[in-house]
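Colleague: Residue-level listing of the chains:
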Amino acid sequence: MSCWDTIADYGLRSIGIGERLLPKEDFTLCQQFTLIGSGMLWNIYFGALALLAGFFFATALAVGKSSSSRWIRKPAEWFIFVFRGSPLFIQFFFAYFLFLSLKQVIPFFSPLTSAWLGALVVLFFNTAAYSGEIFYGALLSIPKGDLEAADAYGMSGWARFRRITFPTMLRLAWPAYTNEAIFLFHATTLVYFSGFPAWKQKGDALYYANYFADKTFNPFVPYPILAGYFILLTLCIVGLFGLANRHLNRHLPSDVRRPIKLRPNLLR
Amino acid sequence: MFSYCADPSTLDGLTWLSCYLTTGKHMGLYISVVTVLVLLAITAPVALLFGFAGAASARSRIAPLRWLGKGYTAIVRGVPDIAFFLFFVIALDQGFEWMRHKLLCSDWDQPIRQGNDFVVCDAAKLPLSSSPQWVHETYGFFLAVLTFAIVFGAFAANVLFGAMRAVPRAQMETAEAYGMSHRQAFWRIMVPQMWVYALPGLSNLWMVLIKATPLLFLLGVEDIVYWARELGGTKNARFTDYPHGDWRMWYFFALLVFYLAFTKVSEVVLDRIMKRLTHGQATAAGEAQRKAAA
Chain E
742 MSCWDTIADY GLRSIGIGER LLPKEDFTLC QQFTLIGSGM LWNIYFGALA
792 LLAGFFFATA LAVGKSSSSR WIRKPAEWFI FVFRGSPLFI QFFFAYFLFL
842 SLKQVIPFFS PLTSAWLGAL VVLFFNTAAY SGEIFYGALL SIPKGDLEAA
892 DAYGMSGWAR FRRITFPTML RLAWPAYTNE AIFLFHATTL VYFSGFPAWK
942 QKGDALYYAN YFADKTFNPF VPYPILAGYF ILLTLCIVGL FGLANRHLNR
992 HLPSDVRRPI KLRPNLLR
Chain U
287 MFSYCADPST LDGLTWLSCY LTTGKHMGLY ISVVTVLVLL AITAPVALLF
337 GFAGAASARS RIAPLRWLGK GYTAIVRGVP DIAFFLFFVI ALDQGFEWMR
387 HKLLCSDWDQ PIRQGNDFVV CDAAKLPLSS SPQWVHETYG FFLAVLTFAI
437 VFGAFAANVL FGAMRAVPRA QMETAEAYGM SHRQAFWRIM VPQMWVYALP
487 GLSNLWMVLI KATPLLFLLG VEDIVYWARE LGGTKNARFT DYPHGDWRMW
537 YFFALLVFYL AFTKVSEVVL DRIMKRLTHG QATAAGEAQR KAAA
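Here the protein sequences line up with chains E and U, keeping their order. Each position in the first sequence, counted from 1, maps to that position plus 741 in this note's numbering. Each position in the second sequence, counted from 1, maps to that position plus 286 in this note's numbering.
Think of the hints as simulated: they come from the structure by calculation, not from any bench. Each residue gets a CB set at the ideal place from its N, CA and C atoms; glycine is no exception. A hint or two may mislead.
In silico DSSO-like links for lysine-lysine, alpha-carbon gap of 30 angstroms or less [stated by the list, open to error]:
hint	chain 1	residue 1	chain 2	residue 2
1	E	Lys956	U	Lys411
2	U	Lys561	E	Lys815
3	E	Lys844	E	Lys956
4	U	Lys311	U	Lys550
5	U	Lys411	E	Lys885
6	E	Lys941	U	Lys388
7	E	Lys885	U	Lys577
8	U	Lys550	E	Lys765
9	U	Lys577	E	Lys844
10	E	Lys815	U	Lys388
11	E	Lys956	U	Lys550
Chain E is nowhere near these chain U residues, computed Cβ spacing over 10 angstroms in every case [what the hints assert, rightly or not]:
hint	residue
12	Gly299
13	Leu300
14	Thr309
15	Ala327
16	Ala342
17	Cys391
18	Ser392
19	Ser489
20	Ala498
21	Pro500
22	Leu504
23	Arg515
24	Arg534
25	Leu541
26	Leu542
27	Tyr545
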């Protein structure tokens, strides 16, 4: 069986297209590359959707946390504290069993017990809390002069937020937000190790890497493959966010622009 | 545990709960909480040591040592650390067995990797197959600690490397002007001063370390996650004196609260330490403290 056949069989295995049975023995390098790569589809799905939806919620949380009204500030603070202060792994477990109990009461919630939605919801809340804190920090460090200038132009309320506060906040938060994005993608590997079942062995990249490592007792092949895929993914994210960073900073002279610095801040 | 617990089916309310929460299996849960704390207490200093060694060698003037240090700090970027956890546990285990195999069984002529199997001679097995259960458990725990220390050592090396660079250059120049050697300046000037720059990063790391402890579960240690799943599952009246439905949600809720409380306490303590350390330092916070006191 050539490598092309393997790719045709297993390339989309993680979403249920192609061969049903996973290879059982005589694993080739090609099979490992293909299956782990196919699992990456899930990592990208979880990461991209959670990030996209989380971005808007995070902005709301940041604005809420800096609000002067107690009734808005406290819930936002608590939300951020709960999701940042506890391990994502436990959050996954708790959410899974919570959804299981909900499902027994109201059948409407049954999609939440499968990974594609349930884990996505948890990741969405989690990234919203982490990025909310980042955005909040950026809100606090908006230069006073910018806001005074907005006042001088007679801007207030929504216009001021849309044209001054929000762009500046985003610009200041962007380097940290890039890191958050990278580690959100890393965190997606936890999904299938935390209660959420991999239905019909459709799992993410780490699920397959772990499958191969368990079957071959050889961690030295599948995990480096996984690492390679993730380094590629990280480079893509850094590239994309770098472009956005350039766009956000386009009005600044080139020597004040802040390049994105990667900081290890893994795990949650 | 208590004398009134002899027949749980007659109890209800809080008395039932007090009996339920003190069964032998729950003791296992409480012991696993202690396990987590012990893991943190051992891992944190060891990881700091690894990190210090990594950062110091990344600054070394000897090129191979510098590459080693830089490589060590670089491995954790770009790859999910849970992959490292899964990788190192098997890799370390096989590494140890391989070394012992080479040392103890020189007359063994078969290959170690036979297809899908990793085969070493009986004397090289770790722990020996004849050893009691607690040795197996301790060995697993030890592997977990080592894995945590390696991964978090790499994070700590990153933080300490940055902190060493943040010590004002003038301080080192003064040390050189006083005729201190490179080593003396490093130990007497840089190391005492770098902590204030390292502390924000290190306290962040400590929080991350706390939040990483549930991953012990993946390393095969019977930790709190294991017990919460075990104890929370539906219990049939035929097998236990304390039948109940699926309570795993509540067990994990308790774990969630435990971790939240733990991080909150750490936050408060670390804030205090930071205040103590900035005292008299040439930083903005130190200056503010001085002005407030004056």
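Colleague: Now look at each hint and say whether the structure bears it out.
Modeller: Evaluation of the provided hints:
1. With a C-alpha separation of about 20 angstroms, the suggested pairing of lysine 956 of chain E with lysine 411 of chain U holds against the 30 angstroms cut-off.
2. At roughly 26 angstroms between alpha-carbon atoms, lysine 561 of chain U and lysine 815 of chain E fall within 30 angstroms of each other, so this suggested pair holds.
3. A distance of roughly 35 angstroms separates the Cα atoms of lysine 844 of chain E and lysine 956 of chain E; the hinted pair therefore is violated under the 30 angstroms criterion.
4. Restraint check: the Cα-Cα separation between lysine 311 of chain U and lysine 550 of chain U comes to about 28 angstroms, which is no more than 30 angstroms; the hinted pair holds.
5. Proposed proximity of lysine 411 of chain U and lysine 885 of chain E is contradicted: the alpha carbons are some 66 angstroms apart, above 30 angstroms.
6. Under the criterion of a C-alpha separation no larger than 30 angstroms, the hint pairing lysine 941 of chain E with lysine 388 of chain U is inconsistent with the structure, at around 42 angstroms.
7. Between lysine 885 of chain E and lysine 577 of chain U the CA atoms are separated by roughly 24 angstroms; this keeps the pair inside 30 angstroms, and the hint holds.
8. At most 30 angstroms may separate the alpha-carbon atoms for a hinted pair to count; lysine 550 of chain U and lysine 765 of chain E exceed this at roughly 47 angstroms.
9. Taking the CA atoms of lysine 577 of chain U and lysine 844 of chain E, the gap is about 59 angstroms. The hint is violated against a cut of 30 angstroms.
10. For the given pair, lysine 815 of chain E sits about 62 angstroms from lysine 388 of chain U by alpha-carbon distance, which is inconsistent with the 30 angstroms threshold.
11. With a C-alpha separation of about 41 angstroms, the suggested pair lysine 956 of chain E and lysine 550 of chain U falls outside the 30 angstroms cut-off, and the hint is violated.
12. Distance check on glycine 299 of chain U: its Cβ is at least 22 angstroms (rounded) from any Cβ of chain E, clearing the 10 angstroms threshold; non-interface status holds.
13. For leucine 300 of chain U, the non-interface assignment is confirmed: its Cβ lies about 23 angstroms from the closest Cβ of chain E, beyond the 10 angstroms cut-off.
14. Its beta-carbon lying about 21 angstroms from the closest one in chain E, threonine 309 of chain U satisfies the requirement of being farther than 10 angstroms from that chain.
15. For alanine 327 of chain U, the shortest C-beta to C-beta distance to chain E comes to about 18 angstroms, beyond the 10 angstroms cut-off, and the non-interface label holds.
16. Every CB of chain E lies more than 10 angstroms from the CB of alanine 342 of chain U, the least distance being 18 angstroms, so the non-interface label holds.
17. Annotated as non-interface, cysteine 391 of chain U keeps its C-beta farther than 10 angstroms from every C-beta of chain E; the closest such distance is 19 angstroms.
18. Even its closest Cβ contact with chain E, about 23 angstroms, leaves serine 392 of chain U beyond 10 angstroms, as expected for a residue assigned away from the interface.
19. Serine 489 of chain U, annotated as away from the interface, keeps every beta carbon of chain E farther than 10 angstroms; the closest lies near 12 angstroms.
20. Not every Cβ of chain E is farther than 10 angstroms from the Cβ of alanine 498 of chain U; the closest lies at roughly 5 angstroms, contradicting the non-interface assignment.
21. For proline 500 of chain U, the condition that its CB be more than 10 angstroms from all CB atoms of chain E is violated, with the nearest at approximately 4 angstroms.
22. Chain E draws leucine 504 of chain U into its interface by the beta-carbon criterion, the shortest separation being 6 angstroms against a cut-off of 10 angstroms.
23. Non-interface status of arginine 515 of chain U relative to chain E is broken: a Cβ of that chain comes within 10 angstroms, the nearest being about 8 angstroms off.
24. Look at arginine 534 of chain U: its CB is around 4 angstroms from the nearest CB on chain E, not clear of 10 angstroms, so calling it non-interface is violated.
25. Taking the minimum C-beta to C-beta distance to chain E, about 5 angstroms, the non-interface status of leucine 541 of chain U is violated against the 10 angstroms cut.
26. Against the 10 angstroms criterion, leucine 542 of chain U falls within the reach of chain E, whose nearest CB is about 5 angstroms from its own CB.
27. Its beta-carbon lying about 4 angstroms from the closest one in chain E, tyrosine 545 of chain U breaks the requirement of being farther than 10 angstroms from that chain.
Hint compliance for this structure: hints 3, 5, 6, 8, 9, 10, 11, 20, 21, 22, 23, 24, 25, 26, 27 are broken, all remaining hints hold.
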